[in-house]
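Peer 1: Given next are the chains, with one letter for each unit.
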Amino acid sequence: MPLLEFTSRGIYCAAADVYLDPWKKVVKALITHGHSDHARWGHQQYITHHDNVPIIQHRLGKIVVAGKAYGECFKVNGVTFSFHPAGHVPGSSQIRVEHRGEVWVFTGDYKLENDGISTPFEPVPCHTFITECTFGLPVFDWQNPTLVHQQINQWWAANKAAGVTSLLMGYSLGKIQRLLKHLDPCIGNIFTHGAPEKMTQVLRAQIDFPDTRLITRETNKKEIQGNMVLAPPAVMGSAWAKKLGTISTGYASGWMAFRGARRRRAVDKAFVLSDHADWKGLLQAIEATACENVITTHGYTDIFAQYLREKGWNARTEKTQYEAETPETSLTE
Amino acid sequence: MKAFAQLIDALDSTNKTTQKVDLLADYFRTTSRTDALWAVALLSHRRPSRPVTTTLLRQWAAEVAGLSTWLFEEAYHIVGDLAETIALLVPNTQSHSQESLAETIATLIALKNKEEPEKKAYILARWQQLSSTERFVFNKILTGGFRIGISQKLMTRALGQALELDENTLAHRLMGQWSPENTRFEDLLITPKAADQLSRPYPFYLAYAVEDDFFDKQSVTEYHIEHKWDGMRGQLIVREGQLFLWSRGEELITNKFPEFAPFAQQLPSGTVLDGEILPYPKGVIGNFNDLQKRIGRKTVGAKLLRDIPTRFMIYDLLEWEGKDYRNEPLWKRQQQLAHLFERYSEQELPWEHSNVLQFDHWDAVATERNRAPEMRSEGLMLKKRDSIYAVGRKKGAWWKWKSDPKTIDAVLTYAMRGHGRRTNLYTDYTFGLWDEGQLVTFAKAYSGLTDKEIREVDRFVKQNTLARFGPVREVTPQLVFEIAFEGIAASSRHKSGVAVRFPRILRWRHDKKIEGANSLSDLKELLP
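Line by line, the protein sequences are chains A and B. Mapping to our numbering: the first sequence position 161 is 299, numbers consecutive. Mapping to our numbering: the second sequence position 385 is 695, numbers consecutive.
Excised from the complex, chain A in its bound form (with noise of 0.2 Å):
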């Protein structure tokens, strides 16, 4: 019997009898990282990395929970665990599995660049490597994301110096903290809406932020005017965007590297920005491992697979319930 399983409700290990990043209800679940397709509700039991201890309480509410540090090896009837970074978000791990003498990684989701908020990706020896390969395609090419950051301080300046509001979009948990973290406070204020306020505020206990100013019904428009607003991407085009008065859109997501999607999203600037590896990022990540065995989750999954067997590895595929394949669907990005 294989180490880990690919069952209905989830990845299994079935020596130790626990789940790691199950969707459905389970006793003892292994968690890698926050967000909603990864860390779900109703499992009895959950570990996870120290840091995202408080990030799932606060979405998952009342929850028996266990934090771990990175390396720090236990024991789950004989089956030995570890959380390693993985560079995905803040408290973000990649879970090591190791039995008699065989190892496998299951990388959650995970990015190769330092986002100067969360503890820098760490490849992790291995026999088996479960990969996400949500931008596991060759056109998927990321840019100095320092670039990418003087470009929206760019854009945030020319828009002050036009009296426009920049309202910046991104996922409540990750996106918009990275990109909070490398704003320059010097250009303005940095007001934010409700939903990515309460994450950051969990997060300030771990990473020192630029301060935030929540926008309530009592904020006057002309006190945001020219300054930033950070937000999730639902509030495109609503009523809440519109009382905001003259804005610029900026929306960043590694999606906006297309160009269609880019048009469909309608913003008038799109970052390229993202906590996911790139193709090169993929690859390199799985060459660092050693690995014989790749197993895809979520992505590009099929071509993602037949390229790396055309390279030798003994890799396949693996459906799971994690979101990723277009932009339209993703959580994450």
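Hints listed in this document are in silico derivations from the structure and should not be mistaken for laboratory results. Treat the hints with caution; some may be incorrect.
[Said to hold, decoys possible] List of simulated lysine to any residue pairs, SDA-like, C-alpha gap at most 25 Å: (1) B:Lys463 x A:Arg403; (2) B:Lys326 x A:Ser376; (3) A:Lys457 x B:Thr775; (4) B:Lys503 x B:Gly376; (5) A:Lys418 x B:His387; (6) B:Lys326 x A:Val302; (7) B:Lys312 x B:Thr340; (8) A:Lys206 x A:Tyr150; (9) A:Lys298 x B:Leu333; (10) A:Lys418 x B:Glu373; (11) B:Lys326 x A:Lys206; (12) A:Lys418 x B:Gly376; (13) A:Lys449 x B:His387; (14) B:Lys762 x A:Gly375; (15) B:Lys704 x B:Gly470; (16) A:Lys380 x B:Asp761; (17) A:Lys449 x B:Glu373.
Given chain A's structure and the hints, the job is docking chain B onto it.
Peer 2: Okay, now just chain B, sitting in the frame of chain A:
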């Protein structure tokens, strides 16, 4: 090239029309006249002919990117645009190129007659010299079809601002088959020479579909009613003994309709007529398929001319004795047109006069509309009596009131990824009808669903794929859609034996199971 690529980038970075116009106007003001002319040409879909096939471009791009052909093709299917795929896959380098837009295109034109290795060397070198956006623009010029979400109307408005010229005057000057290869910016747009005007058509005036509250708001007595002819819109020009026939796509099609040659001898110089080219097999108006047989041929043989003669159904007069009549009211233009017919009635020209009808009640108009099949028209045109002949699609004076489309319930059988704004989504669908227990393909349709429905169907396609054929997925027959179409004709070229015109999705029949979809014989019953 750099400035033009920056323009495209900036245009892509805003959704506000006024800003787009400003950006374009700025570009026209600051760039060289030769570059500006090429920009105008590209944005009005005039492009240099393709120096290399797209097959070769794909091969070369895969090679430079170090990818197997299959992987390149997969990437292309997902990106949905060849120019963009290549721009994304070719590795970036640090070198630069200072070649202007006009210089780049001149090189591409010269490249056409070179040997393949030389073409390859040039294109590969350019890919590496250009930034990602420049590369995208370069590839767009190379692959043709420069559709980037800027309408010709928007471009003309910007040009008007930059040159401080009237937009409609410019729209007229931009008509016809010119190319930067044979004209200059000044000669085309600023001080046009009379000799160049000889063949130039006027911009077509286009109608809007009637809106729901139209009949409550409008008074029937102010309208001229005509049948809406189902042929090919054309503009017939006679100047200095020469005949020019233009299609709405601004193509000169004089040679395709040799039977119209007598117009040149019979009509006086300075006559411009707006009408519909209609097929007349067996002496009566045929259907669109008949006309298609004529359009499709490079040369029109004697037999085809005999089998499917065409006539010009005239409904408007734009120029008479060299005078521009477009600003005269419709009733006056039609009066003049009636005179014309009277005066030349003995010449037996291949023309018809589209009858102008007048009614006292919209009810009577509706009854007339029901006669469309018998009149072999598509419905009615409603034109304000006092309307001028405007430029392009302008709301307010000309309306089309088409016959209700025919509809049929069909099953989704295949789906293909879309292009442009629909990149990466399954938006191009194939539909089947029942025939002896099998679903037989009868039409493809792309439009009619809302964005939300498109996303739902996209998800369905991804989760219910039976087989993949490159970009096409065969799906489990499960979804039923009501498909609307305009015309229907028997066809030996289609597997179903039937060709339908303008098929589109009317609605998603959530209430129907596939067993309840229509059959091919149901469809054939609709044949005239």
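Peer 1: Compare the structure with each hint and give your call.
Peer 2: Going through the hints against the structure:
1. Of the pairs offered as hints, the one joining lysine 463 of chain B and arginine 403 of chain A holds, with about 24 Å between alpha carbons and a cut-off of 25 Å not exceeded.
2. For the proposed pair lysine 326 of chain B and serine 376 of chain A, the alpha carbon gap of about 17 Å is at most 25 Å, so the pair holds.
3. Proposed proximity of lysine 457 of chain A and threonine 775 of chain B is supported: the alpha carbons are some 14 Å apart, at most 25 Å.
4. A distance of roughly 52 Å separates the Cα atoms of lysine 503 of chain B and glycine 376 of chain B; the hinted pair therefore is violated under the 25 Å criterion.
5. Pair hint lysine 418 of chain A plus histidine 387 of chain B holds up; C-alpha atoms about 20 Å apart against a cutoff of 25 Å.
6. The hinted pair formed by lysine 326 of chain B and valine 302 of chain A meets the criterion: a straight-line CA distance of about 14 Å does not exceed 25 Å.
7. A distance of roughly 13 Å separates the Cα atoms of lysine 312 of chain B and threonine 340 of chain B; the hinted pair therefore holds under the 25 Å criterion.
8. The hinted pair formed by lysine 206 of chain A and tyrosine 150 of chain A meets the criterion: a straight-line CA distance of about 20 Å does not exceed 25 Å.
9. Simply put, lysine 298 of chain A and leucine 333 of chain B have alpha-carbon atoms about 20 Å apart, close enough for the 25 Å limit, and the pair holds.
10. This hinted pair checks out: lysine 418 of chain A and glutamate 373 of chain B have alpha carbons roughly 17 Å apart, not beyond 25 Å.
11. With a CA separation close to 50 Å, the supplied pair lysine 326 of chain B and lysine 206 of chain A exceeds the 25 Å bound.
12. Of the pairs offered as hints, the one joining lysine 418 of chain A and glycine 376 of chain B holds, with about 13 Å between alpha carbons and a cut-off of 25 Å not exceeded.
13. Our distance criterion of 25 Å between C-alpha atoms is met by lysine 449 of chain A and histidine 387 of chain B, whose separation comes to about 22 Å.
14. Taken as a hint, the lysine 762 of chain B and glycine 375 of chain A pair is honoured in the structure, with Cα atoms around 15 Å apart against an allowance of 25 Å.
15. Only pairs whose Cα atoms come within 25 Å are accepted, and lysine 704 of chain B paired with glycine 470 of chain B is accepted, the gap being roughly 18 Å.
16. Pair hint lysine 380 of chain A plus aspartate 761 of chain B holds up; C-alpha atoms about 22 Å apart against a cutoff of 25 Å.
17. Restraint check for lysine 449 of chain A and glutamate 373 of chain B: the C-alpha separation of about 17 Å stays at or below 25 Å, so the hint holds.
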